[in-house]
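Residue numbers (this note's numbering), protein chains in the order written: chain A, 1 to 573; chain B, 1 to 573.
Hints listed in this document are in silico derivations from the structure and should not be mistaken for laboratory results.
Where hints are given, some of them may not hold.
Because identical chains share one entry, a pair is satisfied inside a single copy or across any pair of copies.
[As the list claims (entries may be wrong)] EDC-like, lysine to aspartate or glutamate: derived pairs with alpha carbons at most 20 Å apart:
(1) Lys533 / Glu565
(2) Lys533 / Asp568
(3) Lys149 / Glu309
(4) Lys522 / Asp539
(5) Lys564 / Glu34
(6) Lys564 / Asp546
(7) Lys564 / Glu35
(8) Lys306 / Glu498
(9) Lys550 / Glu38
(10) Lys564 / Glu38
Number of protein chains: 2
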Amino acid sequence: MFYRINMATLAVSEDEGLQYQGLGGRALSSRIVEEEVEANSHALGDGNKLVFVTSLLSGTGAPNGGRMSLGGKSPLTGTIKESNVGGPMGHKLGRLGIRGIIVEGLPQEEKAYVIKVSTEGVSLEEMPELKGLNIYDTVAKLQEKFGSKIAIGCIGTAGEHKMASACVGFTDMEGSPTRQAGRGGLGAVMGSKGIKALIADDNGAKVVSLVDEAAFRAGSKKLANALLTHPVTSQALPAYGTAVLVNILNEAGGLPTRNFSVGRFEGANDIGGETMAANIKERGGKVGHGCSPGCIIRCSQIYKDKKGEVLTGGFEYESLWAFGSHIGNDKLDDIALMNRLCDDYGVDSIEMGVAIGVAMEAGVIQFGDSQGAINLIHEMGKATPLGRILGAGTETVGKAFGVRRVPVVKGQAIPAYDPRAVKGVGVTYATTTMGADHTAGYSVTANILGVGGNVDPLKPDGQVDLSRNLQIATAFVDSTGLCLFVAFAILDMPEGLEGIVEMCNARYGWNKTVGDYLEMGKQALRDERSFNKAAGISDGADELPDFFRKEVLAPHNVVYDVPKEELDTVFNF
Amino acid sequence: MFYRINMATLAVSEDEGLQYQGLGGRALSSRIVEEEVEANSHALGDGNKLVFVTSLLSGTGAPNGGRMSLGGKSPLTGTIKESNVGGPMGHKLGRLGIRGIIVEGLPQEEKAYVIKVSTEGVSLEEMPELKGLNIYDTVAKLQEKFGSKIAIGCIGTAGEHKMASACVGFTDMEGSPTRQAGRGGLGAVMGSKGIKALIADDNGAKVVSLVDEAAFRAGSKKLANALLTHPVTSQALPAYGTAVLVNILNEAGGLPTRNFSVGRFEGANDIGGETMAANIKERGGKVGHGCSPGCIIRCSQIYKDKKGEVLTGGFEYESLWAFGSHIGNDKLDDIALMNRLCDDYGVDSIEMGVAIGVAMEAGVIQFGDSQGAINLIHEMGKATPLGRILGAGTETVGKAFGVRRVPVVKGQAIPAYDPRAVKGVGVTYATTTMGADHTAGYSVTANILGVGGNVDPLKPDGQVDLSRNLQIATAFVDSTGLCLFVAFAILDMPEGLEGIVEMCNARYGWNKTVGDYLEMGKQALRDERSFNKAAGISDGADELPDFFRKEVLAPHNVVYDVPKEELDTVFNF
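With the hints as constraints, model all of the structure from the sequences given.
Put into structure tokens, the structure is as follows:
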């Protein structure tokens, strides 16, 4: 069932959503936005909508199948935006029979509303006591009132301040807000609509019906076997989380350091997964923590400070990088604190870290000044003018300070893999519909990890094909609710992909082929590109900032050299 | 002759520029930028170029023929930018045989260079004493060193700070920097290249040779007659300057007030041309002042403060509006001071005023607080974080403060005519290649002034044709060096246009028709659109902010209703 919430009238209505049948997750979110949001509308205006949708496998016992999608027009990029997130919310909404909640219009007064989802349906409650709270406090207040078993997605002050890099924070299995629908500023859209939180209580919900239970179990087993066998998903990720990538990317010369001026960081080991894991062990935190129901990869962790207090969790490589080598900082505890502050204020840690690095390039503070960086995050939290520049994202920092080396595509910060040394992911940054986003086509697999084949990361050859295939497959995986990390396994083990197809078919009684599901991914990309074009963005924007093509990156002394004409063939399907 | 200045090597070279034959002004500038600037380059990077070009009639005695063009990629809009300017510079460069000066690359150190043009050619001189000076002081220092007869174009601290709304200030006939190449931030491009000033000394220059002197004089006379006969160019403009429009637009309900929330301002008369002219008379200033050699319209003025000290000049309707009704201020002397401050710091007064209005909407200061607005301009001058937000332009203010009602198209502020009540100029705002720009197709003529026909300003009908024809004609006029205000006369008096064609033909020995010259205008538009598309901007961006289509404008209670599909037919030639 779909629910529409009109914030102008505060009315909630039900909607069968027949036009959206057969879709889930990203494919569903992007179709709704493409269909219903006028591309030229202001992202914070009444023409935009905020879409929460479940995925094809939401609510089932599919391994790593707990993710859901948020969608809308991005205030950061002006493009369409789909941001998916783990934690139990997707699962609970799925069990509650929710396919989508579509928030429309703007409230007449600036209040704080909570969307409540339970077996009694969807309703809206005003909770003025939440106004002005950050995410950890919001979660505590909501758990106090509604119990600790609910799932929560909420915004902090950054979202209330409508900052273009505001995220939506979601609780994890322990009820701690360590998961984020991070990129593209959907927290600001939520803030513009006066929605402080979405909560779901699945107490009393029935199990999700499966058309063919046996086939579902068989498919599920195939995927689980793949995940439990592949070395990345069964060993590296559980032991070190994505932080394992710090040393790998550093070795590969693709760890962007001091605002993309060099590809290796002398302090890499101090901020790497191995050091993090040792810290966690020593301080009594936890590695091998799962963020979603049914997760069997368990790449998350609980990170404590020196005193043994929980500081942060779900501490990703990209955040470690953004507050580490990107800003020339090798102090892991400072990075953990910055990650925590971003989760609490409610901003995308990648965008914030990259923005701080560009502010350092402008001379606002010096590279390596981690205390200065912490202060800047508090400036953002206080919404001072300097903080508002930072909260508006990397591109705005560059524009305000007249900086020339600004690592963004379509207004979104380029994350933790230098495209000159990992050329396949450069194709993804340049061409994805979302603004620079590594997850949209994670070519790091074949470029660096030897997963799904091998494509020399330093040469332009083969990168477009690699990125195209991954972008299509990712758009499908993002529609299933499966964690993208299943890709590590299924790229090398075809039976894993078979398992996914079998689960989706068994869930709905479909008889679709792999090709049919990839077509769903292609159609999502077409929907997204159609929206972006109507929003004013031409294929000319499918390009990296020119400094990547001009400035040589040490240690491999490479520039970005996948020709623009080749980039323009990514979507020729 | 063309000169190329390579700022990386400080080398100056001559170039015949054969590929650019037959072009001048905007058509020349836009062709060079389209040909030579990589569309995806960073506007402040070494891939951008700053182009100074003379126009088809530069250096001749053509009436009102003194304008020249600056071009490059805009740091404000990301589009191509042509900004033309009066004062004696264009005339002097024309007499010195200059067709273009193309500044390339970036300097290795941040220094302050002056481009000197004289009968000895073009050279570069470092003048460290100019660094950090604003425009009035820069002009004084340059006149002290090189004499009062030189023409000067220079940047202030806003340009040095690479602010995206920085302009280039040019001296007028009296050597005062009251003329600006204002819009689109080319002052920041100049700053990025380390160019503090361009100066021209035409002492000893020969007269510009005319292939057919008699025909030129005949054509010149036709145009002069038209200008001296048409009531707008012979009466309204000399008496009141463009400030005459305040009461006219207020009467028409199209004077945007308090950030485009209503179309009439209760204080309009206090800031209108009639009041301004009375003030000037009382205080011993001057109306009917000409800004360029050969100007016979003389719409400029010298405005003194209460003590009788010269405060500002070239005081346009759009600046009066931006610091007047747009921010809810009815104090003319405060407006004059703000205009002076913008001219001195070197920012576009339209962009700054609109940005302040959006900051007022965000609650930074209150509408009507003119002292607060003056303070904000000083913040910009001091480059505080708040000042940098403002200096980066209206769109950045909106993004930083999460404002929904942001009057920009393609990142440039919408000027002084509400598109809901002057629908033809709305077509121009939405579709021009330059970001919102009234001069690109000044449909106010037929919409409001009854010049060149009558098209009901409140109805959607006929607006696209009106804007299209004006945009083409304007692109040609902007290529001749003629002041755009000749259009008032030639739209109603065909012999004026004949005169222009005859002068251009006589200057070069051409035999071109009106159609040929309009084709030059069309080709300029095609060049500009081609650049923009490659820079990532699709036709989808040819649209007004959505609030104009949704919020009703009093007193006529109209929304913008020229259909998007019709806007998309503007360039169907």
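*Failing hints, ascending?*
Violated hints (numbers, rising): 3 and 8; every other hint is consistent with the structure.
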